[in-house]
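Asks: Please arrange chains B and C on chain A, whose structure you already have, making use of the hints.
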Amino acid sequence: MESILLHEDRLFPADEATRSVAKALYKEIRDLPIISPHGHTDPRWFAQNNNFTNATELFITPDHYVFRMLYSQGIKLTDIGVPRWDGGETEQDPRKIWKLLADNYHLFAATPSRLWLDTVFHDVFGLREMLCSDNATHYYDHITAQLQGDDFKPRALMDRFNIEVIATTEGALDALPHHAAIKDTPWAKRVITTFRPDDVVDASREDIVSNIEKLGELTGEDTATWQGYLNAIRARRAVFREHGATATDHGHPTANTADLSEAECIALFDKVRSGNSNPEEQELFRAQMLTELAGMSVEDGMVMQIHPGSFRNHNSQLFTQFGRDKGHDIPMQTDFVKALRPLLGKYGNEPNLDIILFTLDETTYSRELAPLAGHYPCLKLGPSWWFHDSPEGMLRFRHQVTETAGFFNTVGFNDDTRAFLSIPARHDVARRIDCRFLAQLVVEHRISETEAASIARKLTYDFAKQAYKLG
Amino acid sequence: MESILLHEDRLFPADEATRSVAKALYKEIRDLPIISPHGHTDPRWFAQNNNFTNATELFITPDHYVFRMLYSQGIKLTDIGVPRWDGGETEQDPRKIWKLLADNYHLFAATPSRLWLDTVFHDVFGLREMLCSDNATHYYDHITAQLQGDDFKPRALMDRFNIEVIATTEGALDALPHHAAIKDTPWAKRVITTFRPDDVVDASREDIVSNIEKLGELTGEDTATWQGYLNAIRARRAVFREHGATATDHGHPTANTADLSEAECIALFDKVRSGNSNPEEQELFRAQMLTELAGMSVEDGMVMQIHPGSFRNHNSQLFTQFGRDKGHDIPMQTDFVKALRPLLGKYGNEPNLDIILFTLDETTYSRELAPLAGHYPCLKLGPSWWFHDSPEGMLRFRHQVTETAGFFNTVGFNDDTRAFLSIPARHDVARRIDCRFLAQLVVEHRISETEAASIARKLTYDFAKQAYKLG
Amino acid sequence: MESILLHEDRLFPADEATRSVAKALYKEIRDLPIISPHGHTDPRWFAQNNNFTNATELFITPDHYVFRMLYSQGIKLTDIGVPRWDGGETEQDPRKIWKLLADNYHLFAATPSRLWLDTVFHDVFGLREMLCSDNATHYYDHITAQLQGDDFKPRALMDRFNIEVIATTEGALDALPHHAAIKDTPWAKRVITTFRPDDVVDASREDIVSNIEKLGELTGEDTATWQGYLNAIRARRAVFREHGATATDHGHPTANTADLSEAECIALFDKVRSGNSNPEEQELFRAQMLTELAGMSVEDGMVMQIHPGSFRNHNSQLFTQFGRDKGHDIPMQTDFVKALRPLLGKYGNEPNLDIILFTLDETTYSRELAPLAGHYPCLKLGPSWWFHDSPEGMLRFRHQVTETAGFFNTVGFNDDTRAFLSIPARHDVARRIDCRFLAQLVVEHRISETEAASIARKLTYDFAKQAYKLG
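Protein chains in written order, with numbering that gives the first Met the number 0: chain A, 0 to 470; chain B, 0 to 470; chain C, 0 to 470.
Bound conformation, chain A alone (with noise of 0.2 Å):
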């Protein structure tokens, strides 16, 4: 009997024949290993191989993509159990919020948070029912369930999902204890870290100035002087290296880059020191620092990945009662072509330079990503990310990018999830799009199935290892 809640022909076109390409073409890369070389699932996992709690913990609390869609109908944080940053209350009965998560469940119809839970549903848990208000009980129950097996701790989960490798990402001052601890087991191929030091280049953060200090402790380098802070940085970066990264990641408000004299760099540095830079000085002092951490790739071959575009913590009374990361990061308007440019004149004929841009803003696709790098040597693009990581993001990014870009300029696929279970099927989402998108230029003549199954298995595997380096 057919399943009801997942079909094996998901995703792709009803075309007859545009099906029998894509499913022919999904048939060859389904299986093969997934490599996540950007997200955030915790290191703690995968080093203390501990079980999951429950159904709630993993599914609700954690998901901002779930708790903002409850949210958008009128469902308080607060019942959601979504933990206080101001101490106040919150639903502590998993079952409760699990509840209202199973009776809202048709919010999320043709939403890709759907597609992925209904395939974790049916694909990890054996469930075989959409989540109802009636079922709910036996949801949790079953999932949570399992979840105390063996077969459910993370490193089980790892060799289950055929994850050959997954990043994970920590600040510049993470002492990366998790990853410490796998150092010289097998594990430390299989985990690695990202550089992310946003939180001692971002001035405006209102812990910028002890930041900077606690660099200087980390690292022995003099970090109240310019030249003191960026060796702390590269100091940083090696011992991040030394944890498995081959990666920087750098989240911006703006794309926006700098390239200034040394004596402007060490006035601006002074003026962020002290903890009374402005906000045009804050965005100036970011944009610098793209510049040398571009500098700093050069050196130590380190692939940067640029993030631009979010308005973080949009609603200001959530962001006081819960803080970061609530579901109300919203998307702007991003140029990257004025942006770019000294970063690009200093650095962008570099052979030994790697940047791979991302965007929220869907415009700049085939205005200025695919054109910047269908140029630049160092350039590639990113998957389309976040709220356009959906099967019809996905095929706006292809339809937009590739005629200009092609494919060769684009690095497969990311799944920037926390949510560690939803891993496969955000990649399986990937795969069926990406083969839809070829069976589509297989059938009108564009490129042979041939080919588009060499592409497939890139865009699936090769590109992802070579363009961050993991091979």
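What the hints contain is simulated information worked out from the structure, not anything from laboratory work.
The structure presented is a predicted model; accordingly, all values stated were derived computationally and were not measured.
Keep in mind that a hint or two might mislead.
Since copy identity is lost for identical chains, a pair holds within one copy or between any two.
What the hints assert, rightly or not - Pairs of lysine-lysine residues, derived as BS3-like cross-links and limited to a Cα-Cα distance of at most 30 Å, are as follows:
| hint | residue 1 | residue 2 |
| --- | --- | --- |
| 1 | K213 | K152 |
| 2 | K75 | K337 |
| 3 | K270 | K337 |
| 4 | K26 | K98 |
Replies: The following block gives chains B and C in isolation, referenced to the frame of chain A:
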């Protein structure tokens, strides 16, 4: 014999499997009553119930979609009989004007105007051949003759069209005579007003000073003071509610909002009332007023509609001769993320607030509007608007919004028209396109056909009634 | 046996019903003569009618679409033999360069360059296998040998390609020797020039002062005065018209226009002529000149083409070594609504004015360009341009423009190329995509197949001749 004017499967996709699902979904919702919660029909029609005059006055001279296309191809507005503001001459012979439309009907190929007109000609007037030079006279005579019948009076058409409720739009100073005329009749529930206070809020208008004075006279409030002015607006909202209004509407050039101190508000209001405000002050006043009006909605429960982004009266020569609403309002780039933040920072989490956002800048669908509506409980998204009220525009809206905001943060269809006879045609296009979109989700195994049927009904009927608090 | 290089149904949709209509439409227009009203071929070819040299000089070194993709993947421009500006060395062996293309031909999968090249290889040179490392030598030898034949001389190819008329593009100071050489021959009607005065209008050019002087020498006007300068431009327009020109072309960074007083113009012109203008003044001068040039078009009837939105020579290092047009011009966000208003306020309703607008910012299609062209009688929309001259780009153009501007406010296809041999391939892609778009309208019952056939012919042939006054 099959009609050559209108095919029963129009707008459904060619793929047989998808078309078949789309048709099945459509069959279940095609005859649901029409909810028309936002539009520009003349309330006089429903109050006085007089016959319309002739085909030209019904279909051409009031429809800027139609005459702008003729004008774009070099046909003079005076030859189309568009009424002049400056008192100059204009064509008076409705038959000659009708012939112009017929001779140039090919210009409308693949536009929504063609679809709406053909549907009206076919469904309302029983015509079966496409309008052309040869049948122009027959068309004119046939339509004009039918318009004289009792079954073509506005109220009879309301019944025939199965319009359950229709909202008109009136300025804050409007005495609402036609709504008053039906106030204690059963028609009061079917024809309601909407409060659009741009006439007393948009400080760039030449008549703003006298309008604020009139507002005082009308309400007995002292509109020479900021609080008196706000109270006068509150009073007019109450009067509008007595005439059926459940919603307000705001057509500002931008979505900017502000949250000034009371002292700043008073100073700004005095400047506006002096008649000497500059464009920046006028923009700031509109911005502050959106926030004030949101506060009033929290108080009185009226649903707030924000329609930003039109550069009004772009063609200055034409404006001098013919005045407003003559087909030369042009969309502009629009920002919502920074623009709405002051309002949302103050009222964004109020459970009693409902704001419906519209845009003329489709780039904001996936980048700004869906993420905002997918988080803030007060925000919902109006349908694709004005230039984007086309089959393609509706599909782009669903494809770009649904993945992030789902269906439940949208509000069904608005016809937004002054062309009364086209209302069923417009709703029919929306119903067909929604069923087409849902059918694609079904055949790609993302939702079940049962779910799709339930959502189709909501998009057609339930969401509009709920979002606009209509019953 | 079916060719593996080029399928006769390429670019048609997979759905059988739609494909069948698309093929039927295409069959009727595929062999219509080519109208090429905007491009960059070298008039010397047609005047002197010499053979082309070899495959590399024909297909690689002059084609920035091709070498920018190779460069983006780390291949040096010097290894591709791109001529240097700075006198440095560059690869001279055309066979080695050709081998580089062959070895990397996979990079072009799904790009329009691949489609154009494959079509030329197949249709013009009779090749049947896709270019690859193994057949690189055979390809080079085969193409280079054929190029020596009389039937591969430029005029023979004009006939073989069925090009009825082709427009080249020359600067205001160009002496037009090659057009003069064919002036009184039958070829004068087939090879015409276009007036592109950026060299004497763009005040940011280093040679602007001397160019204005040269303009005076060439015309006998006193270009030290504003009126003399304008008259000199008028004089050059007349000379260009004598050499076949029916159109002008303007490649400004933005679409900004201005409408200054004569005193302001004189002051601004003096500043420009002094060589000390700043970037704001240079932008204002270009803006004012677009309005002046529109006024001249009202006088002399030349069709005005505006091509804004390219950030030229983005890669400053490469520019220093290799100069202009080396694949690093990058599109920018472009505004038309506010930018064009000064010009349109002055001349927008002139019956004798024709302006064709192009964009590199696809977000303006539905938001700005279609609404503007769907109103102003002087405005029409050029086809999807440059980076967007791809099957996907063409479909986006039609899908986003037609609903508001219809077909009759568009002007058919421009190949815009310096790659002469690819002209039939480029027009063929446009013809296929237009037929595909029309076929979808037919199968979705929005237009009849008869209408579609009529429109297909207009898009292919009639509109270009009419819009550019060619016939």
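Asks: Indicate, hint by hint, whether the structure satisfies it.
Replies: Consistency of the hints with the structure:
In the homo-oligomer, the alpha carbons of K213 and K152 never lie at most 30 Å apart, since the shortest distance is 35 Å inside one protomer and 73 Å across protomers. With identical chains, the CA atoms of K75 and K337 are at most 30 Å apart between copies only, with a shortest distance of 24 Å across copies and 42 Å within one. For the homomeric pair K270 and K337, the shortest alpha-carbon distances inside one copy (25 Å) and between copies (27 Å) are both at most 30 Å. Taking CA atoms no more than 30 Å apart as the test, K26 paired with K98 passes in neither setting, with 37 Å inside one copy and 34 Å between copies.
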